[in-house]
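Student: The lines below spell out each chain.
Protein chains: 2
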Amino acid sequence: MKMLEEKLKIDKISKGTVIDHIDAGYALTILNLTGLEESKNLMTIGVNVSSKKHNSKDIIKIEGVFLNETQMQQISILSPNASISLIENYKVIEKKKVKLPSTIRKLILCVNTTCISNSIKEPISTEFMVLEEKPLKIQCIYCERIYKLEEIVFTSKEKKEKKVIQRIQL
Amino acid sequence: MKMLEEKLKIDKISKGTVIDHIDAGYALTILNLTGLEESKNLMTIGVNVSSKKHNSKDIIKIEGVFLNETQMQQISILSPNASISLIENYKVIEKKKVKLPSTIRKLILCVNTTCISNSIKEPISTEFMVLEEKPLKIQCIYCERIYKLEEIVFTSKEKKEKKVIQRIQL
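Residue numbers (my numbering), protein chains in the order written: chain R, 1 to 170; chain Z, 1 to 170.
Treat the hints as calculated values from the structure; they're not laboratory data.
Hints are supplied without guarantee of correctness; some may be wrong.
Copies of the same chain look alike in the list, so a pair counts if it works inside one copy or between any two.
Stated by the list, open to error - Taking lysine to aspartate or glutamate pairs in the EDC-like style, the calculated list, with each CA pair at most 20 angstroms apart, reads: (1) Lys-137 / Glu-127; (2) Lys-40 / Glu-150; (3) Lys-53 / Asp-20; (4) Lys-40 / Asp-23.
Chain R with its partners taken away, still in its complex shape:
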């Protein structure tokens, strides 16, 4: 019985956010990209969990944290089928699906060095048109270069805290 209680304590959150139906294997990338991994709050993460709807999925539960618009968009790019539930007093008070916008602004870099979004003199914010949702295909509105999900380079704020640094050794 004691073990059971401990399990429930880990799994249930009293107030916060549940991100469900994340594409299998993307939960850790989402935590990194959204900066949620730096939270000091309780998080429970399931990776490659068996799912009825899809073959497998990831799930993230975070205590006391609600997502902002940027984080919702970042999730929609990585997992267009994800759902977000807001929890209060252990109950779901709101459930919504993430929505991939028709154009993605600022969140992604265009790696084409001659693209005007990379101009040093007059830098402008990047903007990509979503051509296809799944599998994702987006196009830079300036230079018209097309990107698949695995080719995307995300912009990211400098992390407050850098725990460890990894470098690829050749």
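Given chain R, work out where chain Z should sit, using these hints.
Tutor: The following block gives chain Z in isolation, referenced to the frame of chain R:
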């Protein structure tokens, strides 16, 4: 009852490894550094979980995966108090504590460019002496430079699969 079963399914693993008593906030770094994050198997991760022994801790459970020596050493550097349990048929068949070795070979880079471990002509494997365990303090045996945990640069194999790339935008 259905919910309860689902929870248990997520939490319990039939065969695999439980890494417990990870220093709070280090689970995701451990998954990244050890390459375990690329596993296609079921993983459950608790971050900032309340703990009796310490104030809070992280925990990782991975189905069907057993750690190798390198992974155990990487964990010992990031979380010297971590314990590793091997699971078979839902039962713990072996439990061990990670052991920080007195010298750490190859896993860490010396960032001192004039250190002979960085010599282009005659590159030699890095080797660090552990001066203090917690908080960690290590010293390069060649150039004698001293590093704290947050200053360490880990070597890492090129990841098989790169899901997304992040670049810091200035």
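Student: None of the hints should be skipped; say for each whether it holds.
Tutor: Going through the hints against the structure:
Taking the shortest Cα distances, Lys-137 and Glu-127 sit within 20 angstroms of each other inside one copy (13 angstroms), while across copies they are farther apart (46 angstroms). In this homomeric assembly, Lys-40 and Glu-150 come within 20 angstroms of each other (Cα to Cα) only across copies, at 17 angstroms, whereas the closest approach inside a single copy is 30 angstroms. For a Cα distance limit of 20 angstroms, the shortest separation of Lys-53 from Asp-20 inside one copy, 12 angstroms, qualifies, whereas the shortest one across copies, 31 angstroms, does not. Proximity of Lys-40 to Asp-23 under the C-alpha cut-off of 20 angstroms is restricted to the inter-copy arrangement: shortest distance 12 angstroms between copies versus 25 angstroms within a copy.
When the structure is compared with the earlier hints, no violation turns up for any of them.
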